Amino acid sequence: MAVILAVVQKNEKIIRLSAGAVSIASALTIWLFVSPQFFGTEVLITEWFYLDRFGALIASLIALLSLSATIVSVRYIGHEFKDGEVKINDLKLYFTLLPLFVMAMFLVVVTNNTLIMWLALEATTLSSTFLVGLYRKRSSLEAAWKYIIICSTGITLGLIGILLLGYTSQAGADQSVSFLISDLLKNTSALSPELVKWAFVFIFVGFGAKVGFAPIHTWLPDAHSKAPSPISALFSGILLNVALYAIIRFQMIANQAIGGSEWTGKFFLFFGILSVVLPAFMLLVQRNYKRMLAYSSIEHMGLIALGLALPPIGVMAAVIHMIGHSIIKSGLFFGAGEILLRYKTTDTTKVGGLLKYAPYTSSLFLIGIIFIVAMPPSILFVSEFTLFSAMIKAHLYLSIAVFIALGVIAFGMLRTTIGMILEKANTTDLNETREHWNITHSVMLVHIIAVILLGVWFTSSSGTGFVVDIIKNLS
Amino acid sequence: MNSFQILATILQGLTILLVAPFSVGLVRFTKARLQGRRGASPFLPYYTILTLLKKEMVISKSTSWVFRAVPFVVLASTIALAFILPLVFSGGALAFASDFLVVAAFMIVGSIFLVLGGLDSASAFGGMGSSREMTLASLIEPTVILIFGALAFVTGSFQLDGMFAQSLIFSAPHLIILMIAFVLVSLAENARYPVDNPATHLELTMVHEAMILEYSGRYLALLEYASAIKLAAFSILIANFVFPPVTIFSLSVGGGILAILLAILKVSMVAVLLGWLEMTIVKMRFYRMPEYLSLAFFTAFFGMMVAVYVKLTGPDIKYYTVFAAMSVFFVVLLFGRLRLKSILRYYAASSLMIAGIAYSLALMAPEEQTHLLIFAVVTIAVKVLLVPYVIKIMEKQQRHTANLQSFLRPASSYLLAALLLVFVFFIVQKTPIFALVEWSSLLFASVGLLVLGLATMIVHRNVFSQIIGLLVVENGIAIFTLVTVKSLPLIIEMGVFTVTALTALILSLLGSRIKYFYGSVDTEELRNLTE
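Protein chains in written order, with this note's numbering: chain A, 1 to 475; chain B, 1001 to 1531.
Keep in mind that the hints were calculated from the coordinates and are not lab data.
Among the hints, erroneous ones may be present.
Now the in silico label distances, taken between C-beta atoms and shown as ranges [said to hold, decoys possible]:
1. A:E194 to B:E1367: 55 to 63 Å
2. A:F270 to B:T1431: 15 to 23 Å
3. B:A1381 to A:I88: 55 to 63 Å
4. A:I24 to B:F1517: 32 to 40 Å
5. A:L445 to B:T1370: 39 to 47 Å
6. B:S1412 to A:K393: 26 to 34 Å
7. A:V408 to B:R1527: 20 to 28 Å
8. B:A1381 to A:F411: 54 to 62 Å
9. B:Y1414 to A:I88: 47 to 55 Å
10. B:T1431 to A:I88: 34 to 42 Å
11. A:F270 to B:Y1414: 34 to 42 Å
12. B:I1427 to A:P215: 20 to 28 Å
Computed from a predicted model, the values in this text were never measured in an experiment.
Yeah, the Cβ is synthetic: ideal placement off N, Cα and C, and Gly gets one too.
Bound-form chain A, shown alone (with noise of 0.2 Å):
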């Protein structure tokens, strides 16, 4: 519906306004249809749909970030519209591809069919191609262009995993090829252990690129830094979180067709150091304020994978993760978004004495910043205090090194960002009006409120409950 609203009208203040209208009232439906499952613990299956509680929660994730995102979009592109940075046909696309980026994500989480999911997730890589390369500038292009080559060929080498799974569900009792994961959960008994583990590894490698996991994540930090602040949120927010829901259903077969969690436990383990260890480094150097936040986001998915890859109190620790870094990241990255707006620059030496000039914003920021550090009131501190209570267990040298590279990374971010607060600006044409209190402030206090009370929530006996109902569908 957004969609041809948006390519029906011309003015461009009435396409901004009506794609929000239209993203709430999807956001509710999508609420509407996924809350039986959400508060209940019946799994709902049918031909098209699978939905437990997980896919409910992302699904609720989604929703909610999309929303948030499409609100912020109707004053940051309305902005950048005014600034002659876009086009009216480009605006055009923007809201178009938005509902549609959106959609696919939810596909992927509520499908039955394993294929559809693929369509699903490749359909996310094509609808937020144009998202990413909207500003019609050289970088932009380029980032692009990295985030479809390689997001393309990994999801296209995951429907290589997808098939063998199907060809292996062959063997079963009725000789039929099936590709919905209810069946496939049901006759895990009859795939052959060896194929599942090849297919698995296809799965793998070829959605991990689009997680993001470390030796393939070069696309992320480009795409994160150069795409729009609110698709960036959505991106670090939620399509990374989509991309994962994927791996986990994958696992959750390949652990009962191999009889364990052991053998894509390793894969976890592996990428997941990999994953919080490089991004240390980076973030130590780094000079963009974006692409800072599009490598905590690489550390964070390396975090929930380690989490995965220690069943069950890991996997909790994981799903609380998922939560808090979606809502901290999104709200960051409209904060980033408001920063970029004010200094026209991604350059944090060009950046300075925000606390003068934007106090809400770089007051959100910082609370933001410390949250995503996962400083005590956090509902990050929940989850990797419960990680490394069960990390500290099984790899004791391997948790010290994880534990040096996020203290490393605390370091890198705050001071960063106190810089960015602090300094003086050297910039010569600052706009050194005062900032007045915006929606996308009040997008950010909400998200941060809702973490501060999910994290109280987290640590009380009906949060830890609610949390191992959900965990209880992954094993």
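With chain A's structure known, arrange chain B on it following the hints.
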């Protein structure tokens, strides 16, 4: 030997002798029409030869008897070929003489005398043509022996007559490799493009024409006629790889006439194809001849290896195997190319072969027939036509054409491709899936395409080749689908095709924008975002 066989052999010889000038004329005529000229009548060579016969001869005083003997020896050797080869009929009176070594000897006698004739007049051109001819002949000879040796091994007959008694291609599809090698050699042997230019007397290009430069009048007529006969004989021989000659034992009067008409049809068909070929390619420099002929040699060698392997281990070679091999082969060719147009052409050809695989599987699996046929048709529509078209349009949007860069030169690209394929061959045999699938050759092809596609994306450092590389990977997965689950649900299948088309569209749109902003499509330029 009965009178019937003798009659058939005489008929065949006369047919070839009569048709020969027409075949030369038809090639010229087709070429002219395809080049947008009106062209002379295809029957012109008859008049040319008759006119030459009436003309006075000019013979240099410094020549010896060899010069005068050459036209007769050359003509005699080609006429002998016209009689003994299984062209119109097989099993004729002289079939015993069609041992491939004997045939090769007849050919070599002809060319030795041509060479002597070129030398004898002691003119500069003649000597140059002769030395070139000998260089070529020494390169052609081993290939010819390889080809016919392999055919003899497969068919169990040393006589060409026995070899062509059945349709070689239909009974054993893998022999198509030998046929390709034979076509390459025949082009060289008959002094056609890309080895020699039959149309000019330019010293830079000519080989055959240089040797007969000193001849005039009647002698020239004989030599022209001899080369026309040779062309006609080779044309029919190539066609006989697919459609065998009529065997003499099942012959009536009507059948004989039909066989002769068939032979004329074959000559015309091959001549038209030759005209088309000569329109599309250009002559190679003479110093690249060893490259061309070693390509022919290796094709023949490869064909022989395959033939021997198949004969000894005895698997039934099916059409899908041939199609699979061809689809990989086209990608290997693509791998070494740097022009977008030829890359797209090879991609389309490779996709067409995939449609062929689906079609041949459809013939074998009746329960999935409609589905596989739909797959084949949509593959042709999307991957052979739509996708290359879209990419071409997008590339053209920016006027200035850019050269596509690669890290490797063509020769080393081919070497790398070959190494990768060997590697794939051994790896795939180790995987557990190898034991499960029904059509292992398709599995090889699919993994081969995957690896080559990825290699294309890495080695070719330009935007458009990377697009094609991704599409090749997608093709590999299409074969993988066929080999594992045979067919996906229709709606998914269409979804996959849509994704392919959209990927191509979006990527080429991006590519054309990159070209606009960067002024080049070199991916080495896309390195600004590293911090």
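Now for the hints, and whether the structure bears them out:
In this structure the supplied range 55 to 63 Å is violated for E194 of chain A paired with E1367 of chain B, their Cβ-Cβ distance being about 28 Å. Distance hint check for F270 of chain A and T1431 of chain B: the Cβ-Cβ separation is about 22 Å, which falls inside the suggested range of 15 to 23 Å. Look at A1381 of chain B against I88 of chain A: about 35 Å separates their beta carbons, and that is not inside 55 to 63 Å. For I24 of chain A and F1517 of chain B, the Cβ-Cβ distance of about 37 Å falls inside the hinted range of 32 to 40 Å, so the restraint holds.
Distance hint check: the CB atoms of L445 of chain A and T1370 of chain B are about 59 Å apart, inconsistent with the given range 39 to 47 Å. For S1412 of chain B and K393 of chain A, the Cβ-Cβ distance of about 53 Å falls outside the hinted range of 26 to 34 Å, so the restraint is violated. Evaluation of the 20 to 28 Å hint for V408 of chain A and R1527 of chain B yields a pass: the beta carbon distance comes to about 27 Å. In this structure, A1381 of chain B and F411 of chain A meet the distance hint of 54 to 62 Å, their C-beta atoms being roughly 58 Å apart.
Our hint of 47 to 55 Å for Y1414 of chain B and I88 of chain A holds, since their Cβ atoms are close to 50 Å apart. Range check, T1431 of chain B to I88 of chain A: about 53 Å between beta-carbon atoms, so the 34 to 42 Å window is missed. Range check, F270 of chain A to Y1414 of chain B: about 36 Å between beta-carbon atoms, so the 34 to 42 Å window is met. As the Cβ distance of I1427 of chain B to P215 of chain A is approximately 21 Å, the hint placing it in 20 to 28 Å holds.
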